[in-house]
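If you're matching them up, the sequences are chains A and B in order.
Numbering-wise (our numbering), the first sequence opens with residue 1 and increments by one.
Numbering-wise (our numbering), the second sequence opens with residue 294 and increments by one.
Just so you know, the hints here were simulated from the structure itself, not pulled from any lab data.
As the structure is a computational prediction, the values presented were derived from the model and not from experiment.
Take these hints with a grain of salt, some might be off.
Claimed, not checked - Pulled a few chain A residues facing chain B out of the computed Cβ check, cut under 10 Å: (1) F25; (2) S52; (3) F192; (4) T227; (5) A252; (6) G256; (7) L260; (8) R265; (9) N270; (10) E281; (11) R284; (12) F288.
To be verified - Output of the computed footprint for chain A on chain B, the stretches with three or more beta carbons under 8 Å from beta carbons of chain A: (13) 439-452; (14) 475-485; (15) 546-554; (16) 571-580.
We treat Cβ as the ideally placed atom computed from N, Cα and C, and that holds for glycine.
2 protein chains.
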Amino acid sequence: MTLGGAGRFWPDLAPVLLPTHPVHFVEEITSAQNPLVKLARALERKKARIESGLFLTEGARHVTEGLDNGWQLHALLLSDAATDRDQVRALARQALDHGARVARVPERVLESLTHRDNAQNVIALFRMRLAGLEALAGARRLIALERPRDPGNLGTIIRLADSTGCGGVVILEEGCDPFSVEAVRASMGSVFAVPVVRCGVDAFDAWRRQEGLRLIGTSLEGSVRHTDVDPGARTCILMGNEQSGLPPAMAALCDGLVRLPMAGRADSLNLALATAVTVYEVWRRSGFDGARF
Amino acid sequence: MTLGGAGRFWPDLAPVLLPTHPVHFVEEITSAQNPLVKLARALERKKARIESGLFLTEGARHVTEGLDNGWQLHALLLSDAATDRDQVRALARQALDHGARVARVPERVLESLTHRDNAQNVIALFRMRLAGLEALAGARRLIALERPRDPGNLGTIIRLADSTGCGGVVILEEGCDPFSVEAVRASMGSVFAVPVVRCGVDAFDAWRRQEGLRLIGTSLEGSVRHTDVDPGARTCILMGNEQSGLPPAMAALCDGLVRLPMAGRADSLNLALATAVTVYEVWRRSGFDGARF
């Protein structure tokens, strides 16, 4: 980890910093052309995320969740205004403790990173991390998505998985990037809490059979309503993608194929909504086990 | 309705056009500075929508739905490529029949309107139209939203209302614009099929009492699960907004206040997902009346 030449000592935090850390002060960055700012900006693009292994998250609360869940923080960018807040100062200390770079950045520079007028005052660069199937062992509920296309849907579904005690989200074959800015934003911090696995269909199907998970697909070709299927004691819900639904070969792997009742002229729901309705129905059938309420 | 000076005769369609229509030919537009193109581009902004009374929709299928549902078409913009398709040619005829302007526009100009690389080949300018409460009379299910903020959520909920046979969507007090590009896009054409009403809380509550609709609010303060409330024979589901949930004064109006079970670290669901789970549960309790499946 290099400091670059722009670092200046930030006295307010200095007394609390341990001298053993490689980076033990807060840098001041004023230029939008600073290499760290340019890196952060580049993380909008998948190519830059793959090359650097990093992704962007916004907001102090979500950064805390990342750290609490053991994600590796690379750098923290704070606006001038944010550094007045006790919570943010504590976060800066925690970040330095983790060996991350911490930089104070003008608000207009942060806004240029988030494309928002009311930028979050805290932006973090974390190292990307996908889980393996073994992280899902013992899950009572899972969500598998076949090639999801919309990162907003993917992030919202990761948040849903978190809210409903699902053990994780499996992206089958290819699919949009769970670490894109839009997906991370929609996940509202849940991307740090829910294991996300990317996996081929065959490997996934072999694993879930061994695990004893019942695979319930939702499809316009389904022959029973989602309320009428036997979800079994442990269930993986399988959703086709936004454009084309579940391919026949994958539908054939399912233990049950359900369809959501529809009225009116619409022939489908938004993917994230359909997933939510199905997951809540499966969870209802098990008496909402593990719910806080 | 004026033609402007740029109109050129488009011979392929001429034979089918009735001579009694004020506009009976397809204009050729080549410039991104053409007033109609500039108007279309301006409709991204709420101010321009209010001033013109118009909004934008994309895609031949959705334009057809607008026309079939009696919405007033102001203008239709077609890409060069689109005019090769029979469906689009039929649509152009139908649009001229309705007295709308029809223009052929280079693809790059259409792309600049939608900010998409793969632009829809058909863009339409329709006249905005909100419904009154009387349009909701007799509905078995309704969705009311308190000051929704995210147009993507609003559009998705309008699509949900369509899919579940809800009589309409009520936006209470202020809220984001159902005719914004993002809301219309997320509604997937349902904005043409589902009455959307904007209304004050007091007027709405008086109306729904007179109608005999049971008002079920969802709130983090709710004391029963959404599966345990009596939805009554006719139900209006009331959802608070994305930031602050249901205000106490509105919660007090409700016949029942429910809460979705939650697990994990997440303390809430995305608004559209929470609405979907609640609506499907209410619908399930009535045996999915009116479902096609």
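List of violated hint numbers, smallest to largest
1, 2, 5, 6
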